[in-house]
Every structure is written in structure tokens, then in C-alpha cells.
Amino acid sequence: MNRREFLKNMAALTALGAVTHIAGRPFSAFAADAPLPAKISPPAKARSVIEIWVWGGPSQLETFDPKPKAPRDYNGGFKAIPTNVPGIEISEFFPLLAKHADKYSLIRSMTHPYPGHETATYLMQTGRNPGGGKVFPAIGAVIAMFKSKDYKGDIPPYVILTVPKGRFSEVGFLSERYSPLVTGGNPAAAKFIVDGIVPPGGLSKEELADRFELLERLDTFGRAAASSPAFKEFDTAGEKARKVIEGDGAKVFDLSQETAEMRERYGRNQLGQSCLVARRLVEAGVPYITINAQGWDTHKRHFETMKTKAAEMDRATTALITDLHEKGLLDSTIIWWTGEFGRTPKVAWEAPWNGGRIHYCKCFSSLVAGGGFAGGRVVGASDALAENVVKRPVAPQDMLGSIYELCGIDPDGPLPNPIGLTATVLPPESPAGRLREIYR
1 MNRREFLKNM
11 AALTALGAVT
21 HIAGRPFSAF
31 AADAPLPAKI
41 SPPAKARSVI
51 EIWVWGGPSQ
61 LETFDPKPKA
71 PRDYNGGFKA
81 IPTNVPGIEI
91 SEFFPLLAKH
101 ADKYSLIRSM
111 THPYPGHETA
121 TYLMQTGRNP
131 GGGKVFPAIG
141 AVIAMFKSKD
151 YKGDIPPYVI
161 LTVPKGRFSE
171 VGFLSERYSP
181 LVTGGNPAAA
191 KFIVDGIVPP
201 GGLSKEELAD
211 RFELLERLDT
221 FGRAAASSPA
231 FKEFDTAGEK
241 ARKVIEGDGA
251 KVFDLSQETA
261 EMRERYGRNQ
271 LGQSCLVARR
281 LVEAGVPYIT
291 INAQGWDTHK
301 RHFETMKTKA
311 AEMDRATTAL
321 ITDLHEKGLL
331 DSTIIWWTGE
341 FGRTPKVAWE
351 APWNGGRIHY
361 CKCFSSLVAG
371 GGFAGGRVVG
381 ASDALAENVV
391 KRPVAPQDML
401 GSIYELCGID
411 PDGPLPNPIG
421 LTATVLPPES
431 PAGRLREIYR
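Note that this note's numbering has the sequence shown beginning at 1, numbered continuously upward.
Just so you know, the hints here were simulated from the structure itself, not pulled from any lab data. This one's a predicted model, so the numbers in the text were calculated from it and none came from an experiment. By construction, the Cβ of each residue, glycine as well, lies at the ideal position given by its N, Cα and C atoms. Hints are supplied without guarantee of correctness; some may be wrong.
To be verified - Using 25 Å as the maximum straight-line C-alpha spacing, the simulated PhoX-like pairs for lysine-lysine come out as follows: (1) Lys45 with Lys152; (2) Lys149 with Lys45; (3) Lys391 with Lys362; (4) Lys346 with Lys69; (5) Lys362 with Lys69; (6) Lys307 with Lys69; (7) Lys152 with Lys327; (8) Lys346 with Lys300; (9) Lys67 with Lys152; (10) Lys79 with Lys300; (11) Lys307 with Lys99; (12) Lys79 with Lys327; (13) Lys79 with Lys362; (14) Lys307 with Lys67; (15) Lys79 with Lys69.
Stated by the list, open to error - Estimated spans, in silico, between C-beta atoms of each pair: (16) Gly420 with Pro71: 55 to 65 Å; (17) Asp254 with Lys307: 31 to 41 Å; (18) Ala311 with Gly420: 43 to 53 Å; (19) Pro427 with Gly153: 23 to 33 Å; (20) Gln294 with Lys79: 36 to 46 Å; (21) Gln294 with Asp254: 21 to 31 Å; (22) Ala384 with Thr424: 35 to 45 Å.
Kindly generate the complete structure, drawing on both the sequences and the hints.
Below is the structure:
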């Protein structure tokens, strides 16, 4: 091998280094995992969860709680449209979803006290108030942990498409094996390059095999330490990594296996194709998938942004719900659509906002579908301007607790952890309680 070939191979191996980190999650410097409960109750209806995280906070008025009779300073002059469920209307920005309201339920009374992105995200993801000196795990990591006993796939049990929320460490104090695989890349690109899973540069199977062979030849330190239990575990992690990228595991991210019609159905953009990958991950049995839909922090020119963002979201979410339904997977898959909060009901027309909406946590909307949630229902209500909850307030821990229950996880049961902390999966629910009125 000449010098140029050597450097080329070493560069490729460096790129593959992330693979061992991703697929090698069992090799961790953290304490050993605490044992999971022998029996999980109540019985699980949902095998997987898809969380559509509408990063920044979607306006309740331009999504699922329109107020067509309010003054223009509140509704911007936009209308409500009927859905296929009599009596339920949603914003005119979502005409495709309006045709399938029988498959989802709306929560119009979400509420909490935190108008900042970081604190609101932490509460919405963990069900706990910020502070206290400990970072609790997000729902994705918790479900990944509890479902790990039955999940046998090669892909990690928690996947984020395509960038992390970035507000806190979602794995919290749990073992690193439950931290999310953050794909990076763009599924709408010619090739979806997934960090640590899909090698960059279009390597062939033969070229990839050559690089693994070179890695083994160069690994003299690993051979010298072969008797070490820690290195044996590391080697096992490496074998799992190789199995993922050389075997069937990575194929779940290969959208060339989908028809052109199916890809068009979801929308040829990052959000749409992320939703299509999420469906493929559900088919592979992955317990928790987050789609991080960015760009909804509409402080300025809110309505101009909505015309683009809402159209993409309407198409992608409708395709995901109907595709899962047609494939018989919706009954075993929860779709949870939410942001960290909503937007101010009164439009800020003045400069520098020029028709913007600001953070608003007192009253906002979410959507749930599948996995034991009924369709065609509305939970709670806001006042005439969408400023305050007037019926059936729903706190984040109520929403999270409902998802946990339908996944077969007791929200009031112990939360196993490697640091010996005595904790339950969630703190006590709010007085209004979980969303059992929309369980099937």
C-alpha cells in the first residue's frame, strides 16, 4: 500500500469511527443498567411511538384551534374549515388533514407555565419542572429502555430524524445505550447519509470490506488487550456496528426502495421524507422515533412562514397517518404531534415583528393518533380568542402519562436507573388526569 492509499483508508476509517459509537451503545463507561420490572402493566396497545416535534411552538389558531369569529388581530383573517367529523373544524392551512379527522384526536387545552424554549421542552419531554440538580430522561429514552426487552432490531431503539432538539441531554441519568441515534443528513437528498450507519462517499460493499480488513490489521493494541473484559465488550460493539452497516439494518434508511409515487405522497422535502423513514422504522420495530420539524418559531412574518411550513406539514402528517392505517400499523403506533408551547393569540403587527406571534404557554394544541387513541374526538376547549383554557386543562405529565400507559408502561411505577435514584416514571398527574376519555 502506498502512502496515498494508506491515508485514504485511514480517512475512511475515521469516518467509520462514529459507527462503533452508535451501534456500540452497550459498551459504556456508565454504571450498569438497573433491572427492569419483570412485568409491565397495563397491557401495551402501542408497539412504537412517532413524535412529530414541531420545534419552536406552532400557533394553535393556524393549526387545530382556529377562531374564525375573532377579530383579525387574532386570526389574521384566516378561516376554519370542516373536517370529515361533523362538528370538528381545523385551520384552512390543513385541508388534507381535515379529510381524515376520524383517525386522530385533538387536544385544545394543553397548558403549562414555561414560555422559554429550554424549560418548556424539558417539561414537555420529561413531565418534570426544570431544576433540582438532576436531568431526568425524556420520554423517548424511557420508552426505549422499557421496550428494550422485546426489541431485537439492529438499529438503536430511539431514533431522531434528523437533528436533536438540543435543549438538554435526553437520556438524562439513564444508560447511554438509550440515548437517541441522531441521523443527521437529509432523507430528501439523492442518498440519505445517516451518521454512523450509512458510510459517506458511496462506498461499495467491497470497498467497505477492505476498510474493515485494514482496521483489523492495524488494531494491534486491541489484540494485545484481548483478555480484558472491557475490550471484549468493545469488540462485540464493533461487531454489532459492522452488522448494522453491512446487513439489513441500514436498509431501513434507503428510500430508493420506495416507489416514486409513495415518495411524492409524503412530499419531496426533508420533513416529508423524514415521515416516510419513520414509517419504515416502525415496520422495523423501532420503539421510539422523533421527527424534529424545525422552523416554527415564528416571531416575525408568521403568516408568510405558515404558508410554506403548514403545507409541508399537512401533506407529510396526512401521508403518515393514512399510510400507517392502510398498512394495518396505526393501531399499534402512536403519533404524537406537538410543540413545546403555542403562539400568542394576538398578532404583533408592529415592527420588528411585522405580523408575528410570540411564545405562549397558557393554552395550545396537540394531536394524537393510533396506538390505542381513538379518532374523531376533541379534548378540552379554549376561550373565544384562544388565550385561556376554559375546559379540561391538560398538563404535560397527563399527555406523557397517557402515552406511557398505552405503551404498557406504568407512569406511577418505578423508573429503573443506574445511579440508584428512587424515582417514578412520572411525578403525580395533574388533577384533570390522563386522557382516558379518548382511549379505545
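Hint check results:
For the hint pairing Lys45 with Lys152, the CA-to-CA distance comes to about 19 Å; that is within 25 Å, so the pair holds. At most 25 Å may separate the alpha-carbon atoms for a hinted pair to count; Lys149 and Lys45 meet this at roughly 16 Å. Distance restraint check for Lys391 and Lys362: the Cα-Cα separation of roughly 13 Å lies within the 25 Å cut-off, and the hinted pair is therefore satisfied. Under the criterion of a C-alpha separation no larger than 25 Å, the hint pairing Lys346 with Lys69 is consistent with the structure, at around 14 Å.
Straight-line distance between C-alpha atoms of Lys362 and Lys69 comes to about 21 Å, which keeps the hinted pair within the 25 Å bound. For the hint linking Lys307 to Lys69, the alpha-carbon distance of about 21 Å falls within 25 Å, and the restraint holds. Taking the CA atoms of Lys152 and Lys327, the gap is near 21 Å; set against the 25 Å cutoff, the hint holds. Under the criterion of a C-alpha separation no larger than 25 Å, the hint pairing Lys346 with Lys300 is consistent with the structure, at around 13 Å.
At roughly 47 Å between alpha-carbon atoms, Lys67 and Lys152 are farther apart than 25 Å, so this suggested pair is violated. With a C-alpha separation of about 21 Å, the suggested pair Lys79 and Lys300 falls inside the 25 Å cut-off, and the hint holds. Between Lys307 and Lys99 the CA atoms are separated by roughly 19 Å; this keeps the pair inside 25 Å, and the hint holds. Only pairs whose Cα atoms come within 25 Å are accepted, and Lys79 paired with Lys327 is rejected, the gap being roughly 33 Å.
Between Lys79 and Lys362 the CA atoms are separated by roughly 23 Å; this keeps the pair inside 25 Å, and the hint holds. Between Lys307 and Lys67 the alpha-carbon distance is near 18 Å, which keeps this suggested pair within the 25 Å criterion. Taking the CA atoms of Lys79 and Lys69, the gap is near 9 Å; set against the 25 Å cutoff, the hint holds. Separation of Gly420 from Pro71 is about 56 Å and conforms to the stated range, judged on CB atoms against 55 to 65 Å.
Between Asp254 and Lys307 the C-beta distance comes to about 32 Å, which sits within the given range of 31 to 41 Å. Our hint of 43 to 53 Å for Ala311 and Gly420 holds, since their Cβ atoms are close to 50 Å apart. At roughly 31 Å, the beta carbons of Pro427 and Gly153 sit within the given window of 23 to 33 Å. At roughly 27 Å, the beta-carbon separation of Gln294 and Lys79 lies outside the given 36 to 46 Å, and the hint is violated.
Remark: the range hint 21 to 31 Å for Gln294 to Asp254 is upheld by a beta-carbon distance near 24 Å. One distance hint, 35 to 45 Å for the beta-carbon pair Ala384 and Thr424, holds here, with the actual separation near 39 Å.
Checked against the numbered hints above, the structure violates hints 9, 12 and 20; every other hint is satisfied.
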